Each structure stands twice: as structure tokens, then as C-alpha cells.
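Participant: Listed here are the chains, written in short residue letters.
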Amino acid sequence: MNSIEVINLTKRFGKFTAVDNVSFNVGKGEVFGFLGANGSGKSTTIRMLCGIIVPTSGEASVNGFNILHEPEKVKANIGYMSQKFSLYGDLSVEENINFFGGIYGLSQSRLTDRKNWVLQMSGLTERRKTLSAQLSVGFKQRLALGCAVLHEPAIVFLDEPTGGVDPISRRNFWKLINELSASGTTVFVTTHNLDEAEFCNRIILLDYGKIVATGSPKELKSEFIKNGMLFLESDDVYTAYELLEKHRLVHNASIFGNALHVSLSDAASLEDNAAEAIRAFLESNGIKVAGIRSIVPSLEDVFLETIEKPASDD
Amino acid sequence: MRAIIDFMVKEFLQFLRDPKMFAVVLIAPVIQLVFLGYAANRDLNDVKTCILDNDRSNSSRDFISAFEKSGYFSVIQYSENYSELEREIDLGNALIAIVIPDDFEKNMNSGKTSNVQVIFDGSDGNKASVAAGYVMSVASSYGSKIFIERFEKSGIKVPPAGSIESVTRVWYNPDLTTRDFMLPSIVGLVLIIITVNMTSLAIVKEREIGTLEQLLVTPVKPYQLILGKLLPFTVIGLVAVTLVLAVMIFWFGIEVKGSISFLFFCSLIFMLSTLGLGLFVSTVSKSQQQAMVTSAFLVIMPMIFLSGFAFPIESMPKIIQYVTYIIPLKYFTVIIRGIVLKGLTIADLWLELSILFLLGVVILVFSSLRFKKSME
Ligand SMILES: Nc1ncnc2c1ncn2[C@@H]1O[C@H](COP(=O)(O)OP(=O)(O)O)[C@@H](O)[C@H]1O
Ligand SMILES: [Mg+2]
Chain A
1 MNSIEVINLT KRFGKFTAVD NVSFNVGKGE VFGFLGANGS GKSTTIRMLC GIIVPTSGEA
61 SVNGFNILHE PEKVKANIGY MSQKFSLYGD LSVEENINFF GGIYGLSQSR LTDRKNWVLQ
121 MSGLTERRKT LSAQLSVGFK QRLALGCAVL HEPAIVFLDE PTGGVDPISR RNFWKLINEL
181 SASGTTVFVT THNLDEAEFC NRIILLDYGK IVATGSPKEL KSEFIKNGML FLESDDVYTA
241 YELLEKHRLV HNASIFGNAL HVSLSDAASL EDNAAEAIRA FLESNGIKVA GIRSIVPSLE
301 DVFLETIEKP ASDD
Chain B
1 MRAIIDFMVK EFLQFLRDPK MFAVVLIAPV IQLVFLGYAA NRDLNDVKTC ILDNDRSNSS
61 RDFISAFEKS GYFSVIQYSE NYSELEREID LGNALIAIVI PDDFEKNMNS GKTSNVQVIF
121 DGSDGNKASV AAGYVMSVAS SYGSKIFIER FEKSGIKVPP AGSIESVTRV WYNPDLTTRD
181 FMLPSIVGLV LIIITVNMTS LAIVKEREIG TLEQLLVTPV KPYQLILGKL LPFTVIGLVA
241 VTLVLAVMIF WFGIEVKGSI SFLFFCSLIF MLSTLGLGLF VSTVSKSQQQ AMVTSAFLVI
301 MPMIFLSGFA FPIESMPKII QYVTYIIPLK YFTVIIRGIV LKGLTIADLW LELSILFLLG
361 VVILVFSSLR FKKSME
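First to last, the protein sequences are chains A and B.
Read in this note's numbering, the first sequence has 206 at position 206, and its numbers run on one by one without any break.
Read in this note's numbering, the second sequence has 302 at position 302, and its numbers run on one by one without any break.
To be clear, the hints were calculated from the coordinates, so they are not data collected in a lab.
Since the structure is predicted, the reported quantities are computational estimates derived from the model, not experimental observations.
Some hints here could point you the wrong way.
Unchecked claim - Just a few of them, taken from the derived set where beta-carbon distance is under 10 Å, the chain A residues facing chain B:
1. K75
2. G105
3. S109
Said to hold, decoys possible - Derived lysine-lysine pairs resembling PhoX-like cross-links, with alpha carbons at most 20 Å apart:
4. B:K106 / A:K84
5. A:K73 / B:K286
6. B:K205 / B:K373
7. A:K73 / B:K205
Quick reminder that beta carbons are idealized off the backbone N, C-alpha and C, glycines included.
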């Protein structure tokens, strides 16, 4: 059984379609990444799946329960960490845990167990009496995650859980996510940070409410960047970009600082040395190429590929 | 049940840690009370009076001396005729003028009602109505059947309903102090301000910081959420009532004639409305600031103006008078004045209490449904 099944889910706000006919499945224990730029509809999707808002059309089941007809059962089986830090800042770490434990109906002994677990996993055992408003963002997020999974839900929804934290806290947080997943919890996580998506088992790329790509990070890369990618350094990346965009060996190019990421076209795969051909082409047009080499594409490259594809198809 | 208790614990912890809230609840009522207690002291002790005695009988002289002895009036002129008296009022030398008809003694002796005219300088309505109270008081203590016809300076007859109200008022407040009359109703005012503000703020705050959304994803039922929010503020409301009563009794020396526990019971019934209104405000406010403004302008001010707390209902336009029937504070003001000043019990107040209860249930149910809907 899939943890989450979504069929043609759509949400409109007035005339604006925030989530557009989205379908996907999430397997049990998967870390499922929901990627997209700000405003692409990630939070809206999560909020429909958690029963906070009602979809305009479409269906979904979460842990086998229909989100429209059995919202109470859905709620008993999920944890949710919203995009905002949503614990009580004027309650201490421990009081927050007690409150949410009570709300989830944990027995006293189970609450004690789970409280210790949360304090330990968040590294807050010593600071259990601290008001949570006084914690750093990284600690707040770990505490929020702890409170969201106090009742050991089958599925946990994390909406941009690592927004605004330093890289170390972020890595620690992803460690926790992996532990949860290893213990059988399905983790549905949204992010607009493409580096993070590499940690997911499977991802969906969302753009303007529509799914533009889905698969494991590896699958996505080989699907969208079939013919390899070049890293090209130049003094004049803008002119190089304009020239290369229309070149027959190039599928797509994007500017990264003073370099270009160039994904190669099908024609390039027949070429013996596409990189040298491209260098020669640029230099014949008076552009100096400081370096050119093959690289492993990142998900960011995939993302740029997918959103620029309609233009290059035309 | 457990969830509701957890809610209450949480709410109290947050309340105790929020110095702002603390101030709203514990200090504001006391300040309001003391301030209003002194401001409401509108009593006059030297009402400048002209008297035109058209009867010049023993009875009329008796009547006049009752005024002189009451201590409220100082007679500045025994007028010879109507125009002389009128001039004193016009010049502002006298606040009131009393005109005794020439058949005063005759009517007295034959047991008929005598019509005594009282003319007021209406330019200061407050003063005039306090003075009117005194006239009623003296007239009624004089005992015989005297009908007081009130006239404003302009010659416009003030509806007798007003004078009847004044009679009852004097009756139950023999010292004629406006303070005694005003202070008990401050219980209602304080309850409104505290519960409407706090309830709406507490809920909107959770929406602002995102915890409300978090709660929506838990198995908590909307009714648990509502009770978890409202019960703590009920308790806090009762604490505020206690405070107000304590200041009233020990500071201002107003004795509660009726049962204190009945008073608390009525306060609880009244809070159905105020908590419901707080809940309502939370459903129409996006920010805490908006909630405060909405509370003030949509709930608290109309309540104060339309309840008879600040202005007598009888002096409002007819249409507005009908509106006052749905103002909970109107009934609570009657109830609380009744209990404190007259020692009334449920036998006297059951009607007001029933209406208050019904209004409360309607408001609370309506707001709860709205709240539930706003969460979906
Ligand atoms: N309640 C709402 N009313 C109107 N528009 C909304 C509402 N919630 C979200 N939107 C719009 O829907 C789009 C998607 O929002 P959201 O799902 O929050 O995006 P993301 O989480 O991917 O940043 C945005 O353009 C946002 O403005
Ligand atoms: Mg979002």
C-alpha cells in the first residue's frame, strides 16, 4: 500500500490555480521531496493532504484514509510541521512537548518516553526549561519536528523545515529525517533548496502548480540531461550564453556566476568531442574560453532544464 | 476532556507570562473603577433654585420648606411672577425653577394630584437630570400625590417616562449618589473589555504565529479548541469581577444588598455573550491590532452606548431603543444594579436573566459555527 496517493488534485483560489491537476504516489518509508520555487504550490498541496484546506477537485488518500471523507483518521496518522515555526514561544521546551502530547492523547508513561526521546534527538535535554522563543532557529526546528512526531505518526509532512538555518543545522536536521525514514516513517518534505533534494529517495518538481518532473534524483538527471553537461568558464558569459543558446550541439545553457552550465543536445552525443567543438565555435566568435570540462549535473540543472524546456521546444 | 485541560494549562501559563495581558486584566479594571468612581461623582449640593408660589397656602409653604431643608437646594429668589423666574433661568442664575399651582392646597386636601412644574436649564443635561432626581426625591418624601411636570427652558415638555425613571432611581438610591448607581455596572464593562479583548487576541495570536494551523492538523475537535480557549478566560473574568467588587466594597464603601454568589452566577451567564463576541471578533480579524480595533468599535463601544450604561435608554430615538433589546449589557446592567443596590433575587430578575442567557447562547453558537467554518 502506498502511504500517500494523490489523483488529479487541484486547488483554485478564485480564478488562480495554485495546484493544477497533480497526481503522484508516495511509498511507505520513503523520503519524498516536493520541490519548487516560492509560490509553486508546495504548501497548498501539503495543506490539502493534511486536511487544513479542502481541494477544489481531485482525490487523495493518506495512510489509506480519504482526505475528504475521513479527515479525522488522517489527522490521527500524520504529523505536520508548518512553514512557520509553529510552537508556542512563550512556553518552555518541555511545556510545548507536554501540550502537544496531551493534544495527541498520549498516556502519561508514553508521554514521558516520547518526551525524553524528543529532548534527546533535539539536543535540548539540558534546556528543557528554556522558553522556546529563546532557542536558535536550528533548535526550534528540531523541537518542532519532535513535537510533530510525538505520537509516532505513519507519515510526517514537513513544509520547508530547513528554511533560514545554517548548513550544519541543516545537515543535522536531514540526519533526523533519515532516521525517521529508516524507522519506517514516511517523510514528505518540501523545499525550494535543490541541494537538499539530493537527499530524497524520490522527488517531484513543481512549477506554477504543475508537476514538471518526477523520479529519483538520479533518474531525473539522466532523463533531463541525457547527453551530459559541460562547465564552461569565460570572461564574457553573457555573449557566450547568447551564442550557445542557438548552437546545434547545445540543448540548454544557464549562467552560474562567471560560468555556464551547458547541457548537450542529441546531436552532440554523435560528436567525438563536443566540448572542443564548442570551444572552437566560441573562440571563432572572439570569446575567450578559460576552461571547459564535463560535470555531473545537479538537480538545479535539472530544474532549470525543466522550466526552460517549453521555450526551447518551440 | 484531557485535551481541554491541557489547553487550559497552556492558556494560563501563557497568560501568566504575558505582562501585557496581566495588566489588562488586573490593573485596568481597578484603574477604570477608581477613575469612573470619581468621575461619576456628579452630585450637586447647591442647586440654585427659583420658586414661584402661586398658591401661597400653608401646604405650599410646607412643600417649599421641604426643599429648603433637603440641603440640595439654595433658593436664590422667591419670584413674583413667571417672567421674573424665567429671566433667572435665562441668565443662568438658576438651574431650576419650581412653579406651584394656585390649586395646590385645594388638591392636596381633596386627595387629588397636584401638578408641580419644574423648569430646568437644560444646557447641562447631566446637571439637570441630577437636579431632577433631587426634586423627585424631595417631592416623593413629601408624601402626597404630586405630579412633577418637567420642562426644559425652551418650554419643551420632557416625556413623563423620564420622571418616572427618576422616581424609581431616587427610591433605590436614597443618598442620590450617581457613584453608587454607576459603579456596579462597571462590573459589566470590565467583563466585556476583558473577555472580548482577551479571547479574540488569544485566538488571533495563534493564527498569526501559525500554531492554529498546527492545531488543525491534530485530532483536536473544534469544540475542544473553543472550550480550551474560552474556559480559562471565564476564570479570569471571574477574577476580575472579584477585584471590581472588592474595590467597590472596600474602597468606595458600597454594600452589596443582594447575594454575591447570585451576582457571580449572573456574571457567568453574561460571559456567554462576551466570550461569544470575543470568538466572533477573532473570526473577522486577521491581526491582533485588527482584533483590538474591532473589539473596541464593533463590540465594546456600541455596548456601552446602547446599554443604558452611559446614557439613559429613554432619551434615545425610538429606533435605537429597539436595538437596545439585543444588547446583553443592557440586561446585565439592570441585573447588577438590581442585585447590588436593591438586593433583588432571581424572583425579580428571572426575565432579564433568561433573555441574557438566550442572547448568550445565540451569540456563542453563532460564533462557534463561524469559528469552526473559518478553520476549515
Ligand atoms: N489562501 C490563499 N488565497 C489565495 N491565494 C493563495 C492562498 N494560499 C496560497 N495562495 C497562492 O497560491 C500560490 C501557491 O502558494 P504556496 O502553496 O504557498 O506556494 P509555495 O509553498 O510553493 O511557496 C501562491 O501564488 C500563493 O500566493
Ligand atoms: Mg510554502
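Participant: Run through the hints listed earlier and report the numbers of any the structure violates, in increasing order.
Facilitator: 3, 4, 5 and 7
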